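Protein chains: 2
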Amino acid sequence: MKTVKYGLSALGLAIGMAATGVSMSVSAAEPTLAEADYEKAKLQYFQRCAGCHGTLRKGATGKNLEPKSTMKKGQKRLEKIIALGTEGGMNNFDDLFTKKEIANMATFIQMEPPVPPEMSLEQMRSHTKEYVAPKDYPTKPMHGLNWKNFFVVIERDAGTAAIIDGDTKKIITHIDTGYAVHVIKGTEHHKVDHAKDVGRFWYTIGRDGKVNKIDLWQTPDKMLVAETKMAYDARDIAVSGDGKYVIAGGYWPAHFVIMDAVTLNPLKVVSTRGYNTKGEFINEARVAAIYTSPLTSSFIVAVKETGQMLQVDYTDLENLTITSIASSEFLHDGFFDPSGRYFQIAANASNQMVVVDTVERKLEAIIDVESLPHPGPGANWIDKKCGPVGGTTHLGMGLVSVWGNDPIGHPAEAWKLCYEVETDGAGAFIRTHETSQYVWADQLKHPEPEVQQSVQVFDKDTHEIVKTIRVTTEPGKAALHMEFNNDGSEVWVSVWNRKDAKNPTGEIVVYDAKTLKELHRIKGLTTPTGKFNVHNRMNHKT
Amino acid sequence: MKTVKYGLSALGLAIGMAATGVSMSVSAAEPTLAEADYEKAKLQYFQRCAGCHGTLRKGATGKNLEPKSTMKKGQKRLEKIIALGTEGGMNNFDDLFTKKEIANMATFIQMEPPVPPEMSLEQMRSHTKEYVAPKDYPTKPMHGLNWKNFFVVIERDAGTAAIIDGDTKKIITHIDTGYAVHVIKGTEHHKVDHAKDVGRFWYTIGRDGKVNKIDLWQTPDKMLVAETKMAYDARDIAVSGDGKYVIAGGYWPAHFVIMDAVTLNPLKVVSTRGYNTKGEFINEARVAAIYTSPLTSSFIVAVKETGQMLQVDYTDLENLTITSIASSEFLHDGFFDPSGRYFQIAANASNQMVVVDTVERKLEAIIDVESLPHPGPGANWIDKKCGPVGGTTHLGMGLVSVWGNDPIGHPAEAWKLCYEVETDGAGAFIRTHETSQYVWADQLKHPEPEVQQSVQVFDKDTHEIVKTIRVTTEPGKAALHMEFNNDGSEVWVSVWNRKDAKNPTGEIVVYDAKTLKELHRIKGLTTPTGKFNVHNRMNHKT
Numbered sequence: 001m002k003t004v005k006y007g008l009s010a011l012g013l014a015i016g017m018a019a020t021g022v023s024m025s026v027s028a029a030e031p032t033l034a035e036a037d038y039e040k041a042k043l044q045y046f047q048r049c050a051g052c053h054g055t056l057r058k059g060a061t062g063k064n065l066e067p068k069s070t071m072k073k074g075q076k077r078l079e080k081i082i083a084l085g086t087e088g089g090m091n092n093f094d095d096l097f098t099k100k101e102i103a104n105m106a107t108f109i110q111m112e113p114p115v116p117p118e119m120s121l122e123q124m125r126s127h128t129k130e131y132v133a134p135k136d137y138p139t140k141p142m143h144g145l146n147w148k149n150f151f152v153v154i155e156r157d158a159g160t161a162a163i164i165d166g167d168t169k170k171i172i173t174h175i176d177t178g179y180a181v182h183v184i185k186g187t188e189h190h191k192v193d194h195a196k197d198v199g200r201f202w203y204t205i206g207r208d209g210k211v212n213k214i215d216l217w218q219t220p221d222k223m224l225v226a227e228t229k230m231a232y233d234a235r236d237i238a239v240s241g242d243g244k245y246v247i248a249g250g251y252w253p254a255h256f257v258i259m260d261a262v263t264l265n266p267l268k269v270v271s272t273r274g275y276n277t278k279g280e281f282i283n284e285a286r287v288a289a290i291y292t293s294p295l296t297s298s299f300i301v302a303v304k305e306t307g308q309m310l311q312v313d314y315t316d317l318e319n320l321t322i323t324s325i326a327s328s329e330f331l332h333d334g335f336f337d338p339s340g341r342y343f344q345i346a347a348n349a350s351n352q353m354v355v356v357d358t359v360e361r362k363l364e365a366i367i368d369v370e371s372l373p374h375p376g377p378g379a380n381w382i383d384k385k386c387g388p389v390g391g392t393t394h395l396g397m398g399l400v401s402v403w404g405n406d407p408i409g410h411p412a413e414a415w416k417l418c419y420e421v422e423t424d425g426a427g428a429f430i431r432t433h434e435t436s437q438y439v440w441a442d443q444l445k446h447p448e449p450e451v452q453q454s455v456q457v458f459d460k461d462t463h464e465i466v467k468t469i470r471v472t473t474e475p476g477k478a479a480l481h482m483e484f485n486n487d488g489s490e491v492w493v494s495v496w497n498r499k500d501a502k503n504p505t506g507e508i509v510v511y512d513a514k515t516l517k518e519l520h521r522i523k524g525l526t527t528p529t530g531k532f533n534v535h536n537r538m539n540h541k542t
Numbered sequence: 001m002k003t004v005k006y007g008l009s010a011l012g013l014a015i016g017m018a019a020t021g022v023s024m025s026v027s028a029a030e031p032t033l034a035e036a037d038y039e040k041a042k043l044q045y046f047q048r049c050a051g052c053h054g055t056l057r058k059g060a061t062g063k064n065l066e067p068k069s070t071m072k073k074g075q076k077r078l079e080k081i082i083a084l085g086t087e088g089g090m091n092n093f094d095d096l097f098t099k100k101e102i103a104n105m106a107t108f109i110q111m112e113p114p115v116p117p118e119m120s121l122e123q124m125r126s127h128t129k130e131y132v133a134p135k136d137y138p139t140k141p142m143h144g145l146n147w148k149n150f151f152v153v154i155e156r157d158a159g160t161a162a163i164i165d166g167d168t169k170k171i172i173t174h175i176d177t178g179y180a181v182h183v184i185k186g187t188e189h190h191k192v193d194h195a196k197d198v199g200r201f202w203y204t205i206g207r208d209g210k211v212n213k214i215d216l217w218q219t220p221d222k223m224l225v226a227e228t229k230m231a232y233d234a235r236d237i238a239v240s241g242d243g244k245y246v247i248a249g250g251y252w253p254a255h256f257v258i259m260d261a262v263t264l265n266p267l268k269v270v271s272t273r274g275y276n277t278k279g280e281f282i283n284e285a286r287v288a289a290i291y292t293s294p295l296t297s298s299f300i301v302a303v304k305e306t307g308q309m310l311q312v313d314y315t316d317l318e319n320l321t322i323t324s325i326a327s328s329e330f331l332h333d334g335f336f337d338p339s340g341r342y343f344q345i346a347a348n349a350s351n352q353m354v355v356v357d358t359v360e361r362k363l364e365a366i367i368d369v370e371s372l373p374h375p376g377p378g379a380n381w382i383d384k385k386c387g388p389v390g391g392t393t394h395l396g397m398g399l400v401s402v403w404g405n406d407p408i409g410h411p412a413e414a415w416k417l418c419y420e421v422e423t424d425g426a427g428a429f430i431r432t433h434e435t436s437q438y439v440w441a442d443q444l445k446h447p448e449p450e451v452q453q454s455v456q457v458f459d460k461d462t463h464e465i466v467k468t469i470r471v472t473t474e475p476g477k478a479a480l481h482m483e484f485n486n487d488g489s490e491v492w493v494s495v496w497n498r499k500d501a502k503n504p505t506g507e508i509v510v511y512d513a514k515t516l517k518e519l520h521r522i523k524g525l526t527t528p529t530g531k532f533n534v535h536n537r538m539n540h541k542t
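If you're matching them up, the sequences are chains Z and P in order.
Position 280 of the first sequence, counting from 1, maps to 280 under UniProt numbering, and the rest follow consecutively.
Position 483 of the second sequence, counting from 1, maps to 483 under UniProt numbering, and the rest follow consecutively.
Heads up, a few of these hints could be off.
If chains are identical, the list can't say which one is meant, so a pair holds when it fits in one copy or spans any two.
[Unchecked claim] Straight-line Cα separation of at most 30 angstroms, BS3-like style, residue types lysine-lysine; simulated pairs:
{"hint": "1", "residue 1": "K129", "residue 2": "K278"}
{"hint": "2", "residue 1": "K362", "residue 2": "K268"}
{"hint": "3", "residue 1": "K222", "residue 2": "K135"}
{"hint": "4", "residue 1": "K278", "residue 2": "K268"}
{"hint": "5", "residue 1": "K63", "residue 2": "K268"}
{"hint": "6", "residue 1": "K196", "residue 2": "K268"}
{"hint": "7", "residue 1": "K278", "residue 2": "K135"}
{"hint": "8", "residue 1": "K244", "residue 2": "K278"}
{"hint": "9", "residue 1": "K362", "residue 2": "K191"}
{"hint": "10", "residue 1": "K541", "residue 2": "K460"}
{"hint": "11", "residue 1": "K244", "residue 2": "K362"}
{"hint": "12", "residue 1": "K541", "residue 2": "K169"}
{"hint": "13", "residue 1": "K191", "residue 2": "K244"}
In case anyone wonders, no lab produced these hints; they're calculated from the structure.
Just so you know, these numbers come straight off a predicted model, no measurement behind them.
Modelling step: build the complete structure from the supplied sequences, incorporating the hints.
Now the structure itself:
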């Protein structure tokens, strides 16, 4: 450890700072930014870069961007990478940032990363708001609509969630949420615990850590009933099987918070900082995914940088039992098998799918797949040869990998690759439905518009792609994320107006799940991304 | 959060640095030290101050010593406090530090605390050493001595452990250990798991994080058989009931490490950084005490600053289950009741004893006691009125508090104060034996030599002090820590040569447990503190 030298008369002084030490170097060529430029670059870094590279820039899905790495590349090379992207998966930002912003960002990432503050339970509680008092919650739906076929849709850059009636395709309301909601979850039918009014309440988590509670029984103007904030940066949320608790996970601070599901009042905060599977301490140990185990009274919390899957028992918060299941780095997103026993999650930097047995609370299997698996909501179905299977898309290549996931009925096929389907481009989301013959995969990560704007559909029996569907042809738009309606007769695909993200020029395109023909376009949405059909999410099968 | 300003031409520049933020201030009156003085003060702070005030100086048993607190007091007042101590429990250091060292320390604590580095599992493993190969371990004791009546004695400032034959009172050997060993533990008879050769192997933990393994069956020159290092600063250690694992807890880094008990190779490291019971994040969340649960296959890890008692299941390290039992700050040291079900631990800054039920893995009770309870090894016995009881001394006053600890047989008395015994001075250690009529308490913390050099003995039935024993009259020496021999016929008390700590001028005084008369003085020991009788520690009853 280098200690601090005092009394320096410093010209162009750089303060080297990490959570674990202080260093100082003096140089005439240190990067500097005016304060306003620094603050703007810091905000843009948080909004656009921290997700992949980390707030402390240690790297995760993206590369390490600490000065020790970036200073070697230098200003010009960094500007070029930020503007044009790389083949390694870095996006281009020349359509999002100005030239000056790109230059400032290149400078900013050569400076030591500022460490954001902590957030105490008391600070979180100061954000808790009640919009509708629980005693005033209606006892039955206050509208005549078929709410179990509602879709709750993230409008990412608007900071809203749209509620869309799946029967009429009408947008019922846009609800103010946190910035760039990442996931929305409601209660599901649970095998052990039984929540009241399953599917009625939905919980959003914004990238700014804001949590909102939505009541689908309310009249549209009153659907937002409560709010809190549990972090400065967050990604995922879940509701306990008994409907009593909401849990959300922070990117920063690295922790998860259990809240009262009625009031959203934060009750318990647990740090996820700790050691990775190699025994190295990770300060920025971010919560990547949180799910509720359908067969046990526990949450599954995936910690990205440490490769630890935490199974958190929610039956006693004051004497909180957590099983820390060591798996692989970096954990990202996952989904349960249809039985609800096995949680299948991408360890995308390891090119693996990790499987956890939530009944035995232990690692079940690790499946080697290809470049950067990313299943999004995931897909489970029955294969003629392998029996029950699960599948994932990949961020790094156009490929769907399919593995057996029924160790009891089909032990020989379980947790082994069954087959792969090549698609035209790398994607982020895969989806199917128990009534469907098809599996859908998007190609969001492909750089060419005609591929990025198309989704591909393959047959569960022949494993052949039966149709490539160009969802949009408009410049600056991408097709992503599929969701079936309640009876599996329709598939909804988002058209994300990435370029014109401030305006409601995005849309959802609805397809006939059998004929694969377009049925409808739902317009007036701002950057629609994830969509959650109430009935399908209440009854996890696929 | 304040961000970093660059390009400052600074005179007397101070770098404000914590694990969670960066601040910078410029002033003409900033404290400065020459580099050599800074390094010496840093080392002395670590050795003498960090235990109570914390490496990051946030305060624990001692006060907060961050610049925001110390700058207000100023150089002269700080020097006086360091030299003379305070009535609040701060020791005087005018007999340990020179005037210059006191001045430098007063300056050092007005400067921002340097943050020590992390330690990875790989770094720990690089310290693992084998002095005797496990295949060469003897299959029976290699000496004709009654090893079950050995005393393993910490020689604090010598960095050694003395092995003393309790039958002959002869020092068999001095074994090189880490700096200032805090605790030494061996395997105990366990109700569920059964180690081989119980009582044979002993494990030391140094304040420098060094772990040593001692084999009492070896010839004296070969008793040190293995070594490793698991932290830069550490306090406690334990062995699993099956004898397979050793666990040690770090003050810095704040973590615990589970090692292979045969080789001492570190297997698993778990961070204890996290939130206190108020929901505030604590970076320096130090492991204060570690014990093995006699009735379950688990360790008890007490985290000082967070007030969390971690019950760590050692049956599956890769899928590690921990129950985090929220109690009170700041946890310090504790002991089991005679049944082995309840762990009784001091939360000394809260003036409470916390009781954990290790079978139900939950908080059992909190008992309000007086100023800064500190039981050391603790004492359990039978009271005529209250039935089974436990007792503690207090660092803050001359008082032994006694509470019922048998909730099944004596529910009305359980976890309530039964009675209190006033002693002449504040102490750190209490001890008794199942065969003894008496309970012994030291008075180590009293400032006056005649009290500090005396221990007091009270009767289990009358609750009256029956004798005050002046253990030594030599200047600069203190009496502390009692241990009974194997059959309870003797009590051994340490005489700590605090002033002349570099030389073997300390001693252990042996008393007849019935007549309370002096029997023997064991000389030639350097700063003897804790003593561990093999038989008594193998068979925890009192």
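Each hint, compared with the structure:
Taking the shortest Cα distances, K129 and K278 sit within 30 angstroms of each other only across copies (21 angstroms), while inside one copy they are farther apart (42 angstroms). In this assembly of identical chains, K362 and K268 lie within 30 angstroms of each other by CA distance both inside one copy and across copies; the values are 24 angstroms within and 16 angstroms between. In this assembly of identical chains, K222 and K135 lie within 30 angstroms of each other by CA distance solely inside one copy; the values are 14 angstroms within and 74 angstroms between copies. Proximity of K278 and K268 under a CA criterion of 30 angstroms is satisfied in both settings, with 29 angstroms inside one chain copy and 9 angstroms between copies.
Taking CA atoms no more than 30 angstroms apart as the test, K63 paired with K268 passes between copies only; the shortest distance there is 27 angstroms, against 33 angstroms inside one copy. For the homomeric pair K196 and K268, the shortest alpha-carbon distance inside one copy (23 angstroms) is at most 30 angstroms, but the shortest distance between copies (42 angstroms) is not. Taking identical chains as interchangeable, the C-alpha atoms of K278 and K135 lie at most 30 angstroms apart only when they sit on different chains, with a minimum of 29 angstroms there against 50 angstroms within one chain. For the identical chains of this complex, K244 and K278 are inter-copy neighbours only, at 22 angstroms across copies versus 36 angstroms inside a copy, given an alpha-carbon limit of 30 angstroms.
Both within a single protomer and between protomers do K362 and K191 lie at most 30 angstroms apart by alpha-carbon distance, with minima of 20 angstroms and 26 angstroms respectively. Within a single copy, K541 and K460 get their C-alpha atoms as close as 16 angstroms, which meets the 30 angstroms cut-off; across copies the closest is 67 angstroms, which misses it. For a Cα distance limit of 30 angstroms, the shortest separation of K244 from K362 qualifies both inside one copy, at 26 angstroms, and across copies, at 21 angstroms. For the identical chains of this complex, K541 and K169 are intra-copy neighbours only, at 24 angstroms inside a copy versus 73 angstroms across copies, given an alpha-carbon limit of 30 angstroms.
Taking the closest pair of Cα atoms, K191 and K244 come within 30 angstroms of each other only inside a single copy of the chain (15 angstroms); across copies the shortest separation is 38 angstroms, beyond that limit.
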